[in-house]
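Sequence order for the protein chains is A and B. For the first sequence, our numbering gives the first residue as 125, with consecutive numbering after it. For the second sequence, our numbering gives the first residue as 125, with consecutive numbering after it.
Please keep in mind that the hints were generated in silico from the structure rather than gathered at the bench. Computed from a prediction, not measured in an experiment: that's the story for all the values here. Any given hint might turn out to be false.
It does not matter which identical chain is meant; a pair holds if it fits inside one copy or across any two.
[What the hints assert, rightly or not] List time: in silico EDC-like cross-link candidates among lysine to aspartate or glutamate, alpha-carbon distance up to 20 Å: (1) 333 - 309; (2) 205 - 173; (3) 351 - 192; (4) 355 - 172; (5) 355 - 192.
Chain by chain, the residues run as shown.
Number of protein chains: 2
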Amino acid sequence: MVKKELTDKEIIEYISDVWQVLDEGQKDFLNHQFTIQRYKKNETIYCEEETPEYMMCLLSGKVKIYKDGVGGRSQIIRMIKPVEYFGYRAYFAQENYVTAAAAVEPSVICMIPMTAITRLVSENNRLAMFFIRQLSIDLGVADARTVNLTQKHIRGRLAESLLFLKDSYGLEEDQSTLSIYLSREDLANLSNMTTSNAIRTLSNFANEKLIAIDGRKIKLIDEEKLKKISKIG
Amino acid sequence: MVKKELTDKEIIEYISDVWQVLDEGQKDFLNHQFTIQRYKKNETIYCEEETPEYMMCLLSGKVKIYKDGVGGRSQIIRMIKPVEYFGYRAYFAQENYVTAAAAVEPSVICMIPMTAITRLVSENNRLAMFFIRQLSIDLGVADARTVNLTQKHIRGRLAESLLFLKDSYGLEEDQSTLSIYLSREDLANLSNMTTSNAIRTLSNFANEKLIAIDGRKIKLIDEEKLKKISKIG
DNA sequence: CTACTTTTGTGCTGCATAACACGGTTCTAT
DNA sequence: ATAGAACCGTGTTATGCAGCACAAAAGTAG
């Protein structure tokens, strides 16, 4: 996915773009702090129980945040797209990670030490507000997700996941194919179901002409109906 | 529960106690902003879709934050105990409430306009850090909860709820009775199950001498075993 | 090219849990 | 005091979904 190498200059621009809230001195400080990491497809970025040290900014690629539950079953908590920040929650909460992160596509990630972040937060209120806002949004999403995953039926959960993926990663040029190719297993882990049921329900949706599937490519055909299925559960 | 009326002075002390991070001018400012509301048992505090205006601080009583899902089923997202703050997430995220709140016991709540809060946050970094930390903790709890509620079996979920209630509200003088008396329905909504299954599982636990039940009074007898049940799912 | 692993797909079985029904009990209100 | 509502408890039935097992296909490595 990432064909060209990112130069330091480009990375700084990427980050600076989001960090508009910083003054020149703070930007300069930050530019001497970060490092760049590349991750292969399916490579783990951090694990549960690890002590958090860095805030991460996904520059390119796609990342899943997940949690291993009982009996080896894994639940995808959220998906990260460029340019989003992640990995900072646990540090702020003064805990170890309760989730794990892995690249679902080759990814380039900018790592910024949390010590640098907390220093900046303590001297820049707009940056503090950025985190307050981001955490508030994420918490709202998590609350909604809890109810969706527990109360909706299997069709509703899968429909919701498909719509979520569309909202997160968008569509390809044809305006209907999801711009992310997940394995059936990941799709299942995202939707709280077994792989077999993800496969089955997916082909049911295809038979009903709600979607079209070609390997991992998923085309959304009748989005309205998907929304309805997602809503009624 | 609240026998004596709280004087303004006492309330200020309550709040000031938590708001140690404020300087004198800020405390003074805050002391002219808040109002006090009393809620009867089962009274609604705010509803889903409402626009948030106040941050609330529970001074006494107990509050549940919940969300109505499909088919009238309700899911309790979290419980609030004195002295905890709630109701601010949606305002920070610039959304309407996605949850509702109700008193499960007669409660006294201090209401502080969010406009006052944001002003204080913008001029006091320690207060900003308070919110960052609090939101980070809540998000971690929400993530863990999602997996627990979706993957654990009914016994594991109920055991977990009982332990959660103990951690949140503590025990009575006998060191074993939960200091909160919930209806079977609330217990079910907390644990993501139907009321009948909450009743059934509860009496199973009683037969197995893990707990003792007397109406809404629940005595924890074998906490270790409850922990084990909660852990293995 | 060939062997091996991972992913996808399908059918069958069983179980956990929801749904419903109904009777008893305890609160609440007037 | 009495009626009505809310809550509690239990049995029965129904069903959605997990849990295999197994086969085909696709991707990967040597």
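Now for the hints, and whether the structure bears them out:
1. 333 - 309: The answer is neither: 22 Å in one copy and 40 Å across copies each exceed 20 Å.
2. 205 - 173: Neither way: residue 205 and residue 173 sit 24 Å apart in one copy and 28 Å across, limit 20 Å.
3. 351 - 192: between (29 Å within a copy, 18 Å between copies)
4. 355 - 172: Answer is between; shortest inter-copy Cα gap is 16 Å, intra-copy 32 Å.
5. 355 - 192: between (27 Å within a copy, 13 Å between copies)
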